[in-house]
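**Student:** The primary structure of each chain is shown beneath.
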Amino acid sequence: MHEMSIATSLLDEVLAALSGHDGARVDLVELEVGSLRLIVPEAMDLAWRSLTVGTPAAGSALKITEIEPFARCRVCGCEYRPELISFLCPKCGKADVDILSGNDIILKSLVCGE
Amino acid sequence: MKINVVKNVMEASDAMADENRRRMDAAGVVAINVLSAPGSGKTTLLEKTIPLLAPRYRCAVLVGDLQTTRDAERLGDLGAPITQINTGRGCHLSPAEVAEGLDTLELDKIDLLFIENVGNMVCPAAFDLGEHFRAVLLSTPEGDDKVAKYPTLFQPADVILLTKIDLLDVLEYDSQRVRDDLSKLNTRAPLIECCPLSGAGLEEWAGWLRERFSEK
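Listed in order, the protein sequences are those of chains A and B. Counting from 1, position 104 in the first sequence corresponds to residue 104 in my numbering; the numbering is continuous, with no gaps. The number in my numbering is simply the position in the second sequence, starting from 1, with 1000 added.
Please keep in mind that the hints were generated in silico from the structure rather than gathered at the bench. Accuracy of the hints is not assured; some may be wrong.
Claimed, not checked - Straight-line C-alpha distance at most 27 Å; calculated DSSO-like pairs for lysine-lysine: (1) A:Lys63 to B:Lys1109; (2) B:Lys1109 to B:Lys1002; (3) A:Lys63 to B:Lys1146; (4) B:Lys1149 to B:Lys1007; (5) B:Lys1048 to B:Lys1184; (6) B:Lys1007 to A:Lys108; (7) A:Lys91 to A:Lys63; (8) A:Lys94 to B:Lys1002; (9) B:Lys1007 to A:Lys94; (10) A:Lys94 to B:Lys1184; (11) B:Lys1007 to B:Lys1048; (12) B:Lys1149 to B:Lys1109; (13) A:Lys94 to B:Lys1146; (14) B:Lys1184 to A:Lys91; (15) A:Lys108 to B:Lys1002; (16) A:Lys91 to B:Lys1149; (17) B:Lys1146 to B:Lys1109.
Unchecked claim - Chain B side only, calculated, beta carbon under 10 Å to chain A, not exhaustive: (18) Asn1004; (19) Val1005; (20) Ala1126; (21) Ser1214.
Since this is a predicted model, take the numbers as computed values, not measurements. Ideal Cβ positions, reconstructed from N, Cα and C, are used throughout, including at glycine.
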């Protein structure tokens, strides 16, 4: 249930983005989530609902788009999309990578009403 | 009204991890984040490792659990600085908790800092704490199928310890299956088969730690 700590960081960013928009109420939060973070959307929704009570984001929905990982082989430099079950480099056959993306959690936008 | 943001939600957490790393670099500390399921033998491993490295290497431990100071009490007799971090409901250590733990230690008197994470195979893997290396334990009673089941734990590991190998025969354990799964996920990390209670494999592990320290 690491979704709770990630939702806490998300709420900080949402409230920061709302500064200067007095009275705005958040209806929808759009997120991109790297699949390597293993976010369970239902757990994220639950954490979000409980954390946002009493804030301008109370009652808002999360729209989560999952981003597949992208990696660079440390052995041969090949860049490729690994699968969660196999990080084998298509060029040299090693599984020794730097993760270029797949761990990010990006707050993209807020849709607000008054 | 739509407000476009494009902000990395993990930025504050990752920045704190980088700050932890910077503090430890400045003091010459090498930090190992130790991860596994509960009961794989993290605390036992450290109980046996620290005396093996002393007095040449000055060790310290930050140990995370939801509740109790039991692990810190077990490690307390070793003479090394130990700080217990209780995460309350948290299923993993956070960089902020590690920063508080670092405040309790005299970093310039430490060579190797072990950060014993909360026992959990999913959540701790998702958070950089500022460590230099990750050590992942897998104990034989957990089964020989776990590497493929928890790829995000094993893929970023710098070393993997197969513990409780004294039970290999009893459990009809297939350690080749572990190696086969690792060959698809992580060909960088050495797999060290060990039994901390008997001391088997510990010299290989201590050697790995000494090499990492001398590299830094």
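**Student:** Each hint should be assessed against the structure and marked as holding or not.
**Tutor:** Hints and how they fare:
1. A:Lys63 to B:Lys1109: violated (48 Å)
2. B:Lys1109 to B:Lys1002: violated (52 Å)
3. A:Lys63 to B:Lys1146: violated (31 Å)
4. B:Lys1149 to B:Lys1007: violated (31 Å)
5. B:Lys1048 to B:Lys1184: Roughly 31 Å between the alpha carbons, so the hint for Lys1048 (chain B) and Lys1184 (chain B) is violated.
6. B:Lys1007 to A:Lys108: This hinted pair holds, its Cα atoms lying about 7 Å apart.
7. A:Lys91 to A:Lys63: With Cα atoms ~36 Å apart, Lys91 (chain A) and Lys63 (chain A) exceed 27 Å; violated.
8. A:Lys94 to B:Lys1002: Measuring from Cα to Cα gives roughly 45 Å; hence the hint is violated.
9. B:Lys1007 to A:Lys94: violated (33 Å)
10. A:Lys94 to B:Lys1184: The given pair, whose Cα atoms are some 8 Å apart, holds under the 27 Å limit.
11. B:Lys1007 to B:Lys1048: violated (44 Å)
12. B:Lys1149 to B:Lys1109: Given pair Lys1149 (chain B), Lys1109 (chain B) is violated - Cα atoms ~39 Å apart, limit 27 Å.
13. A:Lys94 to B:Lys1146: holds (20 Å)
14. B:Lys1184 to A:Lys91: holds (14 Å)
15. A:Lys108 to B:Lys1002: holds (10 Å)
16. A:Lys91 to B:Lys1149: It holds: about 25 Å lies between the C-alpha atoms, which stays within 27 Å.
17. B:Lys1146 to B:Lys1109: This hinted pair is violated, its Cα atoms lying about 38 Å apart.
18. Asn1004: holds (5 Å)
19. Val1005: Where the cut-off is 10 Å and the nearest Cβ of chain A is about 5 Å from Val1005 (chain B), the hint holds.
20. Ala1126: The hint holds - Ala1126 (chain B) has a Cβ within 10 Å of chain A, the shortest such distance being about 5 Å.
21. Ser1214: violated (21 Å)
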